[in-house]
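Novice: The primary structure of each chain is shown beneath.
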Amino acid sequence: MRSSIPSVTPATPHHTELDVAADLLTLLRDTATEPRPDIQLEALTLAVAADLPVLLWGEPGIGKTAALNQLAAALDLPLTTVIASVHEPSDFAGLPVVGDDPAVQGVPMAPPDWAVRLVRAGRGLLFLDELSTAPPAVQAALLRVVLERRIGALRLPAGVRIVAAANPRSSAADGWELSAPLANRFVHLQWTYQHETVVRGLGGTWPRAALPRLAPQRLPEAVAYARRAVCGLLTGRPALVHQMPNNEARRGGPWPSPRSWQMALCLTAFATAAGSSREVLSMLVRGTVGDGPGLELLASLDRMDLPDPETLLAAPATAELPERGDLRQVVLDAVVAAVRERPDRARWDAAWTLLVRALETGAPDLVVVPATTLAALRQPDWDVPAAIERLTGVVSLSRRADRVAAAAGSGR
Amino acid sequence: MTATVRGALDLQKLFTARLHAARVRPYLATALFALRPVESRRVPTMAVDRHWRCYVSPAFVDRTPVEELAGVWVHEVSHLLRDHHGRGDRIASQQGLTGRGERLRMNIAADCEINDDVYGDGLARPEGVVDPALLRLPEGKLMEEYLTMFRLGPHTQGLVWLDCGSGADGLEREWDLGADGAYGLSDQERDAVRFRVAQGITGQPGDAPKGWRRWAEEAFHPPQPWRDLLGAAVRSAASSAGAGEDYTYGRPSRRSTSLPGIVLPSLRRRPPRVSVVVDTSGSVSDTELGSALLEVAAIARALGGRRDLVTVLSCDAAAHLVRPVCRAENIPLVGGGGTDLRTGFARALRATPRPDVIVALTDGQTPWPDRQPPCRTVVGLFPRHGAARSWDEEDPDYVPDTPPNWARVVTIGPQPY
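Same order as they appear, the protein sequences are chains A and B.
In terms of UniProt numbering, the first sequence opens at residue 1 and continues consecutively.
In terms of UniProt numbering, the second sequence opens at residue 1 and continues consecutively.
This is chain A alone, in the form it adopts within the complex (with noise of 0.2 Å):
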């Protein structure tokens, strides 16, 4: 993507028509950038940041390559293209070489001269196109590339970054699948194209990719704050520590295992870091362990959000109470399990503050359930507290909604 103006001056005479056909590609390469927020893109470059390698599914012609391209120049890092297909499976474990005595020098493997240039730039950016529709046996020397970063006797430095590309099985015809062992060692991101991303493009302006901004004062915080989600999450659901993908339309894709769930930790603390919202944080964590497990795992995420019970409970009168109806819902049914836990009068009374609050704030139907069981937690010396007053709307409308039950019970 060039932003500058080009020097071209119609006014000097062409030798050549491929001269004039030079001028004019040349105004048609004249593009513009923009900041736009681009979820993909972030995800992306998120990832890459995390230095976790990352494998782009998306229709042959949609953009990978360009995506690619920008990555490489908003981190300023030479990009080097292989393609995985037309490569066969030494060009990445290394070019046996018999020399002049193998039985004591033995036989190196010599790497290729990609590698080469990229060891010695010491940084820069892998990527390997067409990883799907290579045979078996070089995906399985790609593996090595991938996992310990080693081409035959060379290791790729700390700055070389990998990003993997793959066509969809449905469009790959003559595709093979991605091995499980490979598919868990990536970030599995699906690359669609938005309309109006494209439109603004070719009409000459692409969104530019703006670097997440890890805050440096966050770094120990947003640690503590992955480890506890995905700690807390695993230790309630041992199921899903590793899921081998059992069902023929889930394989070649993410699945979880004590690996990926390390990558999924690794991505909530960057993504926390640097305050990506949660869509970025979801694409990343779906791709990373799979639809189902990344789905709990923002469940948890959502639970650690919400606000502790005995916060709550400690001030009731200025309780801030979420403000969706969902999450409102299940914020009063744990005061009321707290509660419960530890039942006495003072509590008792700080969550009927607290139910005549949320009554105030939003929609009463919610209350219902919480102020009903809270109810039936009286004890013989506890005097109604003058709150409850407050809360004779819910009761007609509770009443209300159990005349429409046994009407639709008895129309019945």
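Among the hints, erroneous ones may be present.
What the hints assert, rightly or not - If you want a taste of the chain B side facing chain A, the calculated C-beta under 7 Å gives, among others:
| # | residue |
| --- | --- |
| 1 | Phe15 |
| 2 | His20 |
| 3 | Gly96 |
| 4 | Trp368 |
What the hints assert, rightly or not - Far from chain B, by Cβ distances over 12 Å, these chain A residues were calculated:
| # | residue |
| --- | --- |
| 5 | His242 |
| 6 | Arg251 |
| 7 | Ser277 |
| 8 | Val280 |
Keep in mind the hints are simulated off the structure, nothing from the lab.
Computed from a predicted structure; not experimentally measured.
Note that beta-carbon positions come from the ideal geometry of N, C-alpha and C, so glycine has one too.
Mind docking chain B on chain A? Use the hints.
Specialist: Chain B alone, transformed into the frame defined by chain A:
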């Protein structure tokens, strides 16, 4: 309580209805409470948008009994849970359906998908709802299937007022607050709500009707086109180590001449031998078999298999003659009666040279071999539906043997959305 300003939205009534809906459909409570009511005088009744806002007409609330309002709540939230707007958009872009008429058709088809099993059981049926019976269509189909079954005409004339909003068909309405408006849910939040509802249903499947259970199973793992899956399974079985195409050091590479001193592997190609074992017991229909068989033959040919390397074996209680596929049309499928695929497997494996891949096409109502055969196995499984599924209702505990886990199983069914 009921003393409300004339013309204002009766929130008490609306919330009473929601509470009732949440009580009789506890598995939908999360989704119901996540909906945000927005008063709007431009909607005819109640309508949703894709950001989970629910536009409510005050006049409609006034004239509708509470029990029917509860039904409308569940109806509207069903549109959102079932992603009717996203599916509508996909159909619109795939088939080039544009215009309000087509979107109305999508709304009607979506309503048919919802309404056949949503009411009853404590939930009153609102007046004037569309259901498949009204259009003389069968029950239990998906929106996409209904769309192919009817056109707008005199019999749908009474439905043109019908409008469940952009959440039902994907077309933006003038009253929509848009993505940036207040109280909307983001993509991620919508997914989280749908996921929680789906988990609630799969966690306690006894409470929810069959339509909802099917939705919950497929909400985040929609079925894929079986042709692609079967193709990928056969291709991967035929090309995996030991069969078909891979690298070998057994023969010099064609690059060797230009790189003296370097030992290179070369690509070796041996066409895979594929044995297709076809279950010809009475329970599998000829059309199903025919299409699956053609598919396997086409895949095998695409792999470079010569026709004589693909053999087909029909099998009911005994294995019948083996013959190579010359033209897929003239394979005689003999048999009928009970199934025992074990004889079919045994017969296929007795062939010399041995097949690299066995593809079994069956409805799965058969005993399976005890041990893994010494070659890759792909099972194309015909799900039993329609009349043949009656075992499901009469004896819900009966589960036929599932295919063994050494086989790759592809379910062959109708094309999903």
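Novice: With a cut-off of 7 Å on the beta carbons, see whether Gly96(B) makes it to chain A.
Specialist: Given a least distance of 15 Å, the restraint on Gly96(B) is violated.
Novice: Examine each Cβ of chain B, and state whether all of them lie more than 12 Å from the Cβ of Val280(A).
Specialist: violated, 9 Å
Novice: Let me know if the C-beta of His20(B) comes in closer than 7 Å to any C-beta of chain A, holds or violated.
Specialist: holds, 4 Å
Novice: Would the least Cβ to Cβ distance between Ser277(A) and chain B come out above 12 Å?
Specialist: Non-interface label fails for Ser277(A): nearest chain B Cβ at 8 Å, not farther than 12 Å.
Novice: Is the Cβ of His242(A) more than 12 Å away from each Cβ in chain B?
Specialist: holds, 16 Å
Novice: Does the CB of Trp368(B) sit less than 7 Å away from some CB of chain A?
Specialist: violated, 17 Å
Novice: Would you say Arg251(A) is clear of chain B, with no C-beta pair closer than or equal to 12 Å?
Specialist: Violated, since 8 Å does not exceed 12 Å.
Novice: So, Phe15(B) near chain A? Judge it on the closest CB pair being under 7 Å.
Specialist: This interface hint holds because 4 Å falls under the 7 Å limit.
Checked against the numbered hints above, the structure breaks hints 3, 4, 6, 7 and 8 and satisfies the rest.
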